Amino acid sequence: MTAPFAAELCGYRPNGKPSTSDSHDPGSVEWGHALFEALGVASGTAETPQVGDVMERRAAEHLASLRPDLALAQSRAALAFEQYRHLDVFRQFSKTYRGPAAELDQALDELPPGPEFDSVRAHIYRAIAAAQQDHQLVTQLQDTMPEESLLRIDITVAAPAPVDRLLIGLSSKWSLRTDRAQDCVSQGAKLVNHRRGHMPHYAVLTMEPRPSMLKLIAYGSGAVDCIYHLALPELRQAAEHIASTKKTKAGAPGWPQKLMLDRMITQGRIRSYQQLVDEVLRLPHWG
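This note's numbering numbers the first residue of the sequence shown as 321 and each following residue consecutively.
Don't read these hints as lab results, they were simulated from the structure. All values reported here derive from a predicted model rather than from experimental measurement. The beta-carbon is built from N, C-alpha and C at its ideal position, and this holds for glycine as well. Just so you know, not all the hints are guaranteed correct.
[What the hints assert, rightly or not] Simulated restraints on C-beta separations:
(1) Q453 - G540: 43 to 49 Å
(2) L579 - Q460: 55 to 61 Å
(3) P346 - E367: 14 to 20 Å
(4) P482 - T459: 32 to 38 Å
(5) D499 - H605: 37 to 43 Å
(6) T565 - P482: 28 to 34 Å
(7) Q460 - P482: 14 to 20 Å
(8) P346 - Q557: 44 to 50 Å
(9) V409 - G540: 27 to 33 Å
(10) D499 - L457: 51 to 57 Å
[Unchecked claim] Straight-line distance between alpha carbons at most 27 Å, and here's what the computed DSSO-like set of lysine-lysine pairs gives:
(11) K535 - K510
(12) K510 - K337
(13) K567 - K535
(14) K535 - K337
(15) K566 - K535
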């Protein structure tokens with residue numbers, strides 16, 4: 321299944337290049353044209369402004385319509401969910417911590433003179449000294465505590481409150497560049513390493529057509545479970561078309577880029593939008 325909104329998001333820039341393409345990469349332009357043709361996008365169709373944001377919103381809306389019992393949202397912080405809430409404890413403490421209270425000093429000033437209050441003064445002085453020591457330790461902890469940064473997750477599917485357990489997290493990328501691919505992998509690694517308890521299903525949702533760029537995420541550390549492609553059937557058609565125009569050496573099994581795509585699909589590294597829908601529908605029902 322192709323995402324029902326995939327084709328309507330596609331269009332061409334004023335220079336005639338597909339909106340998925342890297343203008344400096346002829347292969348990216350070639351793949352973009354082939355994919356859009358397979359989707360039936362007419363030449364000259366204007367590109368969708370802020371297409372990445374629109375794609376994220378349309379995907380979130382569609383998935384939410386399938387499971388209204390779940391809490392499905394855009395751009396939520398991982399710290400909001402059960403598995404990562406512990407990472408926010410010290411940050412919240414640092415926000416509210418004000419150091420030793422001035423009330424002790426005020427209490428000393430308000431004590432009337434006289435030997436009968438000397439014992440009280442001694443207790444207050446000891447309390448002030450102990451509070452100052454604690455303050456120094458807290459300040460040292462604040463200065464040396466690592467600040468783990470978890471980016472907001474583009475699309476989240478969670479068990480509703482009061483559970484607030486992250487079930488699926490999606491990084492939504494209309495197209496990929498090396499830095500964007502690395503951001504996806506880095507976010508996934510943090511979600512793996514910093515969780516307590518249930519590991520959410522974390523994947524990338526994209527329209528990127530180039531197998532070589534998809535490979536940057538699909539092959540690697542395992543921080544990303546898989547890639548869901550908005551138009552996988554059409555991407556396979558595009559690969560067939562481009563492969564038919566390429567010369568291969570005698571005896572070669574086929575065009576390497578198509579072989580790479582086929583292999584990633586066979587291995588489940590790249591999956592269709594339908595498989596994402598199935599994943600959402602398989603989640604337990606709540607409420």
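Status of the hints after comparison with the structure:
1. Distance hint check: the CB atoms of Q453 and G540 are about 48 Å apart, consistent with the given range 43 to 49 Å.
2. In this structure the hint that L579 and Q460 lie 55 to 61 Å apart at CB holds, the actual value being about 57 Å.
3. Range check, P346 to E367: about 19 Å between beta-carbon atoms, so the 14 to 20 Å window is met.
4. A hinted range of 32 to 38 Å holds for the C-beta pair P482 and T459, which are about 35 Å apart.
5. At about 39 Å, the CB distance of D499 to H605 agrees with the hint of 37 to 43 Å.
6. Separation of T565 from P482 is about 57 Å and departs from the stated range, judged on CB atoms against 28 to 34 Å.
7. The given range of 14 to 20 Å is broken by Q460 and P482, whose C-beta atoms sit roughly 36 Å from each other.
8. The hinted range of 44 to 50 Å is not satisfied by P346 and Q557, whose Cβ atoms lie roughly 20 Å apart.
9. The given range of 27 to 33 Å is respected by V409 and G540, whose C-beta atoms sit roughly 31 Å from each other.
10. Take D499 and L457: their Cβ atoms lie about 40 Å apart, and the range 51 to 57 Å is violated.
11. Pair hint K535 plus K510 holds up; C-alpha atoms about 20 Å apart against a cutoff of 27 Å.
12. Distance check on the hinted pair: K510 and K337 sit about 35 Å apart at the alpha-carbon level, beyond 27 Å; violated.
13. Distance check on the hinted pair: K567 and K535 sit about 23 Å apart at the alpha-carbon level, within 27 Å; holds.
14. About 23 Å separates the Cα atoms of K535 and K337, which keeps this hinted pair within 27 Å; it holds.
15. Under the criterion of a C-alpha separation no larger than 27 Å, the hint pairing K566 with K535 is consistent with the structure, at around 21 Å.
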